[in-house]
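Protein chains: 2
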Amino acid sequence: MGSIGTVTPQAMHFAEPLRLQSGASIGDYTLMYETYGTLNADKSNAVLVCHALNASHHVAGTYADKPKSQGWWDNMVGPGKPVDTDRFFVIGVNNLGSCFGSTGPMHTNPATGKPYGAAFPLLTVEDWVSAQARLADRLGIEQFAAVMGGSLGGMQALSWSIMFPERLRHCIVIASTPKLSAQNIAFNDVARQAILTDPDYHGGDFYEHGVVPKNGLKVARMVGHITYLSNDDMAEKFGRKLRNAAEKDDYAFDFGVDFEIESYLRYQGDKFSEYFDANTYLLITKALDYFDPARAHGGDLTKALSGTQAQFLIASFTTDWRFSPERSREIVEALVSNRRKVSYAEIDAPHGHDAFLLEDPRYMAVVRAYYDRMAEELSGELTGAAA
Amino acid sequence: MGSIGTVTPQAMHFAEPLRLQSGASIGDYTLMYETYGTLNADKSNAVLVCHALNASHHVAGTYADKPKSQGWWDNMVGPGKPVDTDRFFVIGVNNLGSCFGSTGPMHTNPATGKPYGAAFPLLTVEDWVSAQARLADRLGIEQFAAVMGGSLGGMQALSWSIMFPERLRHCIVIASTPKLSAQNIAFNDVARQAILTDPDYHGGDFYEHGVVPKNGLKVARMVGHITYLSNDDMAEKFGRKLRNAAEKDDYAFDFGVDFEIESYLRYQGDKFSEYFDANTYLLITKALDYFDPARAHGGDLTKALSGTQAQFLIASFTTDWRFSPERSREIVEALVSNRRKVSYAEIDAPHGHDAFLLEDPRYMAVVRAYYDRMAEELSGELTGAAA
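One line per chain: the protein sequences are A and B, in this order.
Residue numbers for the first sequence follow the numbering used here, beginning at 8 and rising by one.
Residue numbers for the second sequence follow the numbering used here, beginning at 8 and rising by one.
Derived from the structure by calculation, the hints contain no laboratory data.
These numbers were taken from a predicted model, which means no experiment stands behind them.
Keep in mind that a hint or two might mislead.
Each pair of labels, with its calculated beta carbon distance range [what the hints assert, rightly or not]:
#, chain 1, residue 1, chain 2, residue 2, range
1, B, R346, A, K348, 56 to 66 Å
2, A, V218, B, M371, 49 to 59 Å
3, A, D307, B, E384, 56 to 66 Å
4, B, K248, A, D379, 56 to 66 Å
5, A, Q316, B, K75, 53 to 63 Å
6, A, Q150, B, E281, 51 to 61 Å
7, B, R346, A, R369, 41 to 51 Å
8, B, T325, A, A48, 22 to 32 Å
All residues carry an ideal CB built from backbone N, CA and C; glycine is no exception.
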């Protein structure tokens with residue numbers, strides 16, 4: 008089991024405008040992507056990995072000039088890893104509107120010659136999937152062995168199974184949900200309000216002012232981060248430990264840092280505000296809020312999934328209170344009602360929603376076993392073809 | 008069961024400085040308070056009601072000039088109500104540092120002639136109890152029949168039982184906790200960061216600038232409010248209902264309001280930012296974070312409660328995820344270990360942490376039954392004294 012080694016991102020340009028769910032459309036645009044492994048002769052071993060809020064096309068491997076630039080799912084994707092790049096051709100793609108190279112609000116709006124800013128159209132999960140399908144076309148991939156993702160990435164995988172049923176054999180949805188709850192939306196709106204009311208946001212056109220709404224982004228990330236961790240995990244890692252306990256075992260009696268958890272969260276918030284784009288954050292939280300494939304079917308998820316053809320792996324984590332196992336079970340039940348083939352794993356892991364990104368032997372074993380079966384199918388097909 | 012009718016707040020001035028836990032002290036200061044019912048001859052029927060984050064001395068009744076100014080616990084306190092003012096003399100007091108009349112950051116600092124602002128000292132739950140004890144002295148109340156409160160108010164009641172064991176016969180702690188968890192502190196720190204980074208905060212001295220950090224307060228209140236409601240309650244009340252559903256059943260595709268829950272939370276945040284003081288919010292969240300009576304006893308809550316003499320009623324609500332029943336049970340167990348008399352009620356109510364303020368037949372019945380027993384004790388004592 009080795010590392011994927013150094014990787015190089017690629018850019019694919021699309022000249023034809025993409026019509027969006029909002030009714031708007033986005034003119035010519037670029038998608039950044041990376042690939043790992045080798046596409047087989049009949050192009051049947053491709054796996055698309057969809058990313059969540061703050062991730063990108065950089066799923067695995069490192070960049071030559073940055074030894075610490077490991078991909079966000081490097082523990083999952085690589086030679087001999089659960090998603091084995093010795094057998095599968097894996098594609099990571101940065102979504103439209105994101106801030107890691109694909110066309111987004113910080114890029115020049117051809118209509119004005121200035122950065123899009125507030126003029127960048129709002130996108131939905133389905134819009135991202137449409138854009139990804141065009142990329143697949145250009146790469147000559149008619150059908151994916153699997154589309155997979157965690158959290159918001161899982162929503163994209165699920166949308167693939169609905170929008171392009173014949174284009175994926177397997178759909179892998181981890182730590183996700185068929186729709187956000189009122190509480191999920193509420194937390195997202197707190198984050199948005201923090202950004203929107205930051206005077207440095209300038210109505211979305213902060214690029215022209217040479218500033219960044221860092222304070223808003225920081226608060227947004229802090230509140231988001233709390234929802235990614237489990238209560239128990241936070242208690243165990245931080246509890247009520249004081250930051251300055253070594254020096255003096257007492258409270259500071261000011262508004263600086265008293266507790267380790269404050270120090271940790273502020274650091275996470277500050278770090279995030281250094282690299283993430285505020286408009287992207289807003290746009291992605293809206294895509295999360297809007298996701299609700301059952302909506303077009305009177306709220307009936309079974310109906311929404313009735314046209315799917317893929318086989319499914321659904322996985323959830325017991326301590327995930329953002330998208331709890333209950334939410335994954337809704338998907339499973341709707342699929343079972345449609346007599347789809349579904350494997351469901353509810354993994355007892357302490358790390359809350361973040362668990363989908365972390366090393367956990369049981370979790371890794373579940374995904375590995377699923378991909379092993381996929382690989383057998385693949386070689387079976389090849390054998391069948393040769394017979 | 009009637010209303011308490013119109014009430015009039017009173018002010019008590021204290022000339023002697025109060026030494027605080029931080030080492031600082033606060034010079035002469037004023038406490039606002041209200042009383043309901045009549046103090047009996049031997050001054051044995053007094054009940055002190057301690058308030059939580061955004062409440063005040065105005066516990067029950069209305070103000071003559073404001074018919075809608077009902078006290079925050081008017082459903083609990085009044086003639087014939089669970090805390091029956093026909094039998095008990097109830098005192099509500101606004102804590103030091105709050106923004107409803109007692110001396111706080113918005114008042115003139117005698118040392119500078121300007122508003123305290125950032126110079127107002129940080130306070131602890133124990134400091135509030137010390138100030139309340141002085142008020143009791145001035146009112147001639149040596150021993151309370153009960154000290155009671157919910158949430159942060161419950162922390163004050165618990166501190167009374169530790170700091171002045173002989174001064175209360177009953178201690179009533181509702182929807183509270185012996186200390187905040189890392190997650191509780193994390194949410195408080197998000198709220199603080201929203202306020203502290205609002206440019207209109209001016210390092211706490213915004214009074215002199217004629218502005219108020221409304222955006223920060225709004226975000227702070229929004230995140231707080233989410234933690235007061237239960238996930239299920241929010242789902243039932245709001246779900247994914249669209250704000251504009253009557254006009255057009257579709258998303259807005261902008262950063263305005265899409266969902267009812269957003270509208271509700273933003274409204275709550277805006278309303279709060281109109282009347283609440285930012286420095287008070289910061290100060291009270293720190294008092295919450297600092298509360299940890301077991302800390303002085305190596306983390307041993309049983310030791311911390313070993314000197315208590317009161318009888319206890321502890322109550323919690325099943326859907327309260329801010330201060331869950333588990334946290335109340337910690338208090339119960341520590342009291343039982345000390346062989347104290349404890350009644351514990353775990354009430355199955357849907358409304359999360361807010362349940363302690365709401366009408367719930369089972370909850371009201373528990374408090375009523377407890378006070379009925381207290382009233383019997385009182386009349387028993389009187390009979391005994393007359394014999």
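Violated hints - listed by number, lowest first:
Structure breaks hints 4, 8.
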